[in-house]
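Quick mapping for you: the protein sequence lines, in order, are chains A, B and C.
Under the numbering used here, the residues of the first sequence are numbered 443 to 547, in order.
Under the numbering used here, the residues of the second sequence are numbered -4 to 529, in order.
Under the numbering used here, the residues of the third sequence are numbered 5 to 482, in order.
Don't take every hint at face value.
Pairwise CB distance ranges, derived in the manner of DEER restraints [unchecked claim]:
1. C/Gly142 <-> A/Glu493: 54 to 64 Å
2. C/Asp273 <-> B/Ile319: 49 to 59 Å
3. C/Glu210 <-> A/Glu488: 40 to 50 Å
4. A/Gln490 <-> B/Ala263: 35 to 45 Å
5. A/Glu493 <-> B/Ala263: 53 to 63 Å
6. C/Arg263 <-> A/Pro497: 39 to 49 Å
7. C/Gly406 <-> A/Gly532: 31 to 41 Å
8. B/Ala255 <-> C/Met232: 56 to 66 Å
9. C/Glu9 <-> A/Gly532: 48 to 58 Å
10. C/His73 <-> B/Ser293: 23 to 33 Å
11. C/Arg309 <-> A/Glu493: 26 to 36 Å
12. B/Arg523 <-> C/Asp273: 31 to 41 Å
13. B/Ala255 <-> A/Asn519: 45 to 55 Å
14. C/Lys138 <-> B/Ser293: 56 to 66 Å
The list that follows gives simulated cross-link-like pairs (lysine to aspartate or glutamate, DMTMM-like), each with its CA atoms no further than 20 Å apart [as the list claims (entries may be wrong)]:
15. C/Lys136 <-> A/Glu531
16. C/Lys107 <-> C/Asp163
17. C/Lys31 <-> C/Glu15
18. A/Lys525 <-> C/Glu240
19. C/Lys264 <-> A/Glu467
20. C/Lys236 <-> C/Asp225
21. C/Lys138 <-> A/Asp539
22. C/Lys407 <-> C/Glu385
23. C/Lys136 <-> A/Glu493
24. A/Lys525 <-> B/Glu96
25. C/Lys136 <-> A/Glu468
26. B/Lys444 <-> A/Glu467
27. C/Lys264 <-> C/Glu240
28. C/Lys136 <-> C/Asp225
29. C/Lys31 <-> A/Glu522
30. A/Lys525 <-> C/Asp313
31. C/Lys219 <-> C/Glu243
32. C/Lys448 <-> C/Glu415
33. C/Lys395 <-> C/Glu423
34. C/Lys466 <-> C/Glu385
35. B/Lys444 <-> A/Glu468
36. C/Lys107 <-> C/Asp91
37. C/Lys138 <-> A/Asp446
38. C/Lys481 <-> C/Glu423
39. C/Lys395 <-> C/Asp355
40. C/Lys407 <-> C/Glu436
These aren't lab readings, by the way, just hints derived from the structure by calculation.
Yeah, the Cβ is synthetic: ideal placement off N, Cα and C, and Gly gets one too.
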Amino acid sequence: MKPDSITPEIFARLVSLAALELTPEESEYLRTELNHQLAAVQELSEIQLAEGVQPSLHGLECQGSAPRPDAWIPFPNPTEILKQAPDSEGGYFRVPDFSRGEVSE
Amino acid sequence: MNSIHLSARQIAQKVRAGELSALDVLEDHLRQIQTVDGAPGSLRHERLNPAEEDKVHAFIEVTAQRARRQAEQVQALVQRGEDPGSLAGVPVSVKDIFCVEGTTTTAASRILYNFRPPYTATAVERLEKAGALIIGKVNLDEFTYGSSSESSAFQPHPNNPWNTQRVTGGSSGGSAASVAAREVSLSLGTDTGGSIRQPAAFCGVVGLKPTYGRTSRYGLIAFGSSLDCPGPLARDAADAALMLQVLAGMDPKDSTSALAPVPDYLAALQEGVRGMRIGLSRDYDHITYPDTLTGEMSIQAIQPEMNSAVRDAAEVLARLGAEIVEDVPMPNARHGIPAYFVISRVEAASNLHRFDGVKYGYRTGTSVRGLSELYRATRAEGFGLQPKLRILMGMYVSAAQHSAQYYQKALRVRSMIRSDFEQAFDPRGAYQLDALLTPTTPTTAFLRKAVLGDSVLMQYSDQMTVAGNHAGIPAVSIPAGLDPLGLPIGVQFFGMDFREDLILRAAHAYEQATQNAEWRGVTPQALRGSEVSA
Amino acid sequence: MKNYEIVIGLETHIQLNTASKIFCACKADSWGAEPNTNICPVCSGLPGVLPVLNAEAVQKGALLAAAMHAEINPVSYFDRKNYFYPDLPKGYQITQFDEPIGKGGYMDLQMPDGSSRRVRIHKLHLEEDAGKTKIEQGERLVDFNRCGVPLIEMVTEPDLRSGEEAAQYLTQLRQLLRWIGVSEADMERGHLRCDANVSIREAGSENLNTKTEIKNVNSIDAVRQAIMEEAKRQIEAVEAGRRIQSYTLDWDADTGTLRKMRSKESEADYRYIREPDLLPVRLSAEEITRVLESLPELPLARRARFIRDYQLSGYDADILTSERGLSDYYEESVRLSGGAAKVVSNWMMNDLSRLMNDTGKSAAQLRLRPADLAEIIRMVEGGKINPATGKSLLGKVEAGGGKPAEIVEREGLGLIADEEALSSQIAAVLAESAAEVESFRAGKESLLGWFVGQVMRRTGGKADPKRTRELLLEQLKR
């Protein structure tokens, strides 16, 4: 049996990078599933690719619309956007500041 | 006559002709919802009411008032002799992954439990402009992550109308169920790895994934931005064509939406399959499944009814004059799920970054010491297990030290999957196909809770459908019979870029030729107790 | 003590002066607007929205690349840079990571001592701006007005060697950006932002040592100062045997000091991926040609031409190419004055410049057009009016409009050169200044100027000075 690619240490770091926090039960379950998925994905590394196979970004060659002309069109009700905020003040979105020890700017 | 027994085409035609009132259509369908749906999905996880075991639970929110206003508008236009639209009076449900102004758009997640978007998705706008009645938002897997709709934060999740002990499939489970249960005529779903086609197959309805870019993604809360396709679910191919006609076309708000001209899909249906080259592939009669400890892949049989349904369908089409092309090689089909695990998760993780409790939706109520803790607590409490799983996987395989091995490699494998289809459909190639016929799923609908804990097994439910998303091509799943347990079997047609007309043609021809088949007369379980006469 | 060399690379963020943002139709410049009033679902990161590229941002980016002699990439890609921050609503910034719109290029710096130093450009790319945060009492207040403003990020190679050179680079860059019309480049309004990467090494070494990054320098002076402070700090540290660590430093303009912000050792992994919601940016060969052809003559080239063709001094040429409007005004005036380059130059650098200061207008905004200036100069040179009148005409035309010649006519400002008129004035002056006349005749010839002044006084300044002198002399020497 192969050792887990995602050890509890690596897992904990991923959780932190993802701005998540998990209970021990969730952690074990998710870590197990991640390792199963990685096992399923291992076969990708065994595939031999012919010379010059390019990454495909959308499957087909996307030929969508050209960039738009430069015109200012104000959104009719920006207040509706701010209204969705869990906390706001004086027209600003409001959040607590980073505490000491957390990553700051 | 109860309009729930009419097709969308028939409803539209009668409403436009003034023979049927959109308001009556609305009432018929609201009554049906009342009869078969039971409690809508909600965040309060009440114990599942045993009296509702046989209910469909397709909806999160029924938007009766909105639908009534629309019905009134349609009637006003009809009365004035003006064009009420090609979908006039047709009841439509919308997967709650589409932003619709005036509704709550939840993505079936706590993290958006109260989100009221100040704008409406283009796909929904087009439906409303065509006179459709938006009956409500239907349930789905949380953020469309899953193949059973069980992972919704809004419980109870939808049940399969054919057997309510079984899942609808997912993620467009509510869409498929609401159409199968005659609560609506049509539903707007999304397909990223099979999320329209697989639930359509499980629920015995038609589900079409259009070509990538054929329908606008503006307003669709994104899962896999390079894979997501909004599309129709309906009870027959012609209804799917009618709905696609309204949805298709370039949208300046979506840079990936296609400029390709939109043909007349309904007219195309009539052309029949004589001379159409329809392929069969051995690479689609089994699945290649990994050992989750060693990673070793092995061939596994699929439910035998699936393959026989495909063979039977091929025979029907051959009798209609189609040319069946056997043994078309699709050697990269087996890489579909592994590549999907990587690409879709990378995009999902990035797309979920914006849910942080700052601007909208859920913010943690616990007192936090600082902003980082706000992020963590909000996302921990707001997201269910499936989003968390996708985020973690996505971040791992796109990390700087792993990206080449996983993400960059998967993107190249995606090219290979695409090239299988290019070769099969090449008009100067060895096979020159117009369509490829395959099973839609490896199994019929599984039992509730049977697969939910196993994320790999769950994903493999999409092994037959996912190649279409990698390649960007269109594909449609249609009902092709019932298995010995009476569960629907689906078969799938893949087509080439922007040739939805060809695959709908094949689907329609098959439907017409089998319209008297015994299995078409069977009523789904959830509708039997309250059978409303036509 | 060893001889140290300072090694500096600059990263500038340039706000493009398009009408709308880079991925949505909100206004590009919302300076002074109330918070969260210039936003839409796209730039505030609502679920389900999609970016749509502004064609003009691409054009301006390509134009700047051309002006910096960079290679314009015919196909460039947008990527997502993923990280969490409250002023980044999507949780990722759309930028260009490995296939930017421009690669390579250079700028030649004109140093004050007359030498020229070439600074190479590594790359320039398009990206969207983030919002603004203000910190108040332990809370962050976030404003998305600025989210999505189109930026060009331009990174130099570590070719600069002093705070002075860095300042010169920024000065010339600012001039260039305004010259080709891609940015207002006003550092106080954040149109031009600069981060400096600073390291030191022993003179003669080719190594690149650990560098620190200085952020939040909001003026050219601050850049100069901050770099020199940091270089000094690094030299002191190295001399004391300490190791340089790669910190990010914040410049406090009030105290003139640098403050450590965070260690760059734990560099974030941004997990760059191609932006799936956008297509590659394609510029056809024809489009690239058109961009190159639309490049105006650039400041340095024009400066060289002015020196060569108009025989202007380097100093004068600097001023007359500092701003495109002024420069075009100058050339037009020279053309209309029949080629009087030096004379026009004097007028512009002195009196016209004063007029512009007084009225607060740029050359292009003046009511007084090159044709008017040329006319005034012609009248002065031709003796029709005296220089003082000419200067006053500048103001008159600017204030009330009208053609200079007409004003002269109307207000009777023409020089009096008529012998009879002058003679009578001269006679009057001599009559009332007998003592001075005697002094002059006795040898105090310097009094001539005084006599001229008296005639001027009597004629309200309109006597032709030359003719007056001549006639005075005739009279006095009798």
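Hint by hint, here is what the structure shows:
1. C/Gly142 <-> A/Glu493: 54 to 64 Å: Taking Cβ atoms as reference, C/Gly142 and A/Glu493 lie about 58 Å apart, which means the hint holds.
2. C/Asp273 <-> B/Ile319: 49 to 59 Å: holds (51 Å)
3. C/Glu210 <-> A/Glu488: 40 to 50 Å: Given range 40 to 50 Å: holds, Cβ gap about 44 Å.
4. A/Gln490 <-> B/Ala263: 35 to 45 Å: holds (41 Å)
5. A/Glu493 <-> B/Ala263: 53 to 63 Å: Violated, at about 40 Å.
6. C/Arg263 <-> A/Pro497: 39 to 49 Å: holds (43 Å)
7. C/Gly406 <-> A/Gly532: 31 to 41 Å: violated (52 Å)
8. B/Ala255 <-> C/Met232: 56 to 66 Å: The hint (56 to 66 Å, Cβ to Cβ) holds, given that B/Ala255 and C/Met232 are roughly 60 Å apart.
9. C/Glu9 <-> A/Gly532: 48 to 58 Å: holds (50 Å)
10. C/His73 <-> B/Ser293: 23 to 33 Å: violated (59 Å)
11. C/Arg309 <-> A/Glu493: 26 to 36 Å: violated (52 Å)
12. B/Arg523 <-> C/Asp273: 31 to 41 Å: At roughly 56 Å between Cβ atoms, C/Asp273 and B/Arg523 fall outside 31 to 41 Å, so the hint is violated.
13. B/Ala255 <-> A/Asn519: 45 to 55 Å: violated (34 Å)
14. C/Lys138 <-> B/Ser293: 56 to 66 Å: Holds, since C/Lys138 and B/Ser293 (Cβ atoms, about 59 Å apart) stay within the stated range.
15. C/Lys136 <-> A/Glu531: holds (15 Å)
16. C/Lys107 <-> C/Asp163: The hint holds at about 16 Å.
17. C/Lys31 <-> C/Glu15: violated (25 Å)
18. A/Lys525 <-> C/Glu240: Violated, at about 53 Å.
19. C/Lys264 <-> A/Glu467: Distance ~40 Å between C/Lys264 and A/Glu467 Cα, so the pair is violated.
20. C/Lys236 <-> C/Asp225: Roughly 17 Å between the alpha carbons, so the hint for C/Lys236 and C/Asp225 holds.
21. C/Lys138 <-> A/Asp539: holds (10 Å)
22. C/Lys407 <-> C/Glu385: Given pair C/Lys407, C/Glu385 holds - Cα atoms ~17 Å apart, limit 20 Å.
23. C/Lys136 <-> A/Glu493: Measuring from Cα to Cα gives roughly 47 Å; hence the hint is violated.
24. A/Lys525 <-> B/Glu96: holds (14 Å)
25. C/Lys136 <-> A/Glu468: Since the Cα atoms of C/Lys136 and A/Glu468 sit roughly 36 Å apart, the hinted pair is violated (cutoff 20 Å).
26. B/Lys444 <-> A/Glu467: It holds: about 18 Å lies between the C-alpha atoms, which stays within 20 Å.
27. C/Lys264 <-> C/Glu240: holds (17 Å)
28. C/Lys136 <-> C/Asp225: Violated, because 24 Å separates the two Cα atoms, which is more than 20 Å.
29. C/Lys31 <-> A/Glu522: holds (18 Å)
30. A/Lys525 <-> C/Asp313: Violated, because 63 Å separates the two Cα atoms, which is more than 20 Å.
31. C/Lys219 <-> C/Glu243: violated (25 Å)
32. C/Lys448 <-> C/Glu415: Not OK: C/Lys448 and C/Glu415 at ~37 Å, beyond 20 Å, violated.
33. C/Lys395 <-> C/Glu423: violated (25 Å)
34. C/Lys466 <-> C/Glu385: holds (15 Å)
35. B/Lys444 <-> A/Glu468: Between B/Lys444 and A/Glu468 the Cα gap is close to 18 Å, so the pair holds against 20 Å.
36. C/Lys107 <-> C/Asp91: violated (29 Å)
37. C/Lys138 <-> A/Asp446: Violated, because 45 Å separates the two Cα atoms, which is more than 20 Å.
38. C/Lys481 <-> C/Glu423: holds (17 Å)
39. C/Lys395 <-> C/Asp355: This hinted pair holds, its Cα atoms lying about 7 Å apart.
40. C/Lys407 <-> C/Glu436: violated (39 Å)
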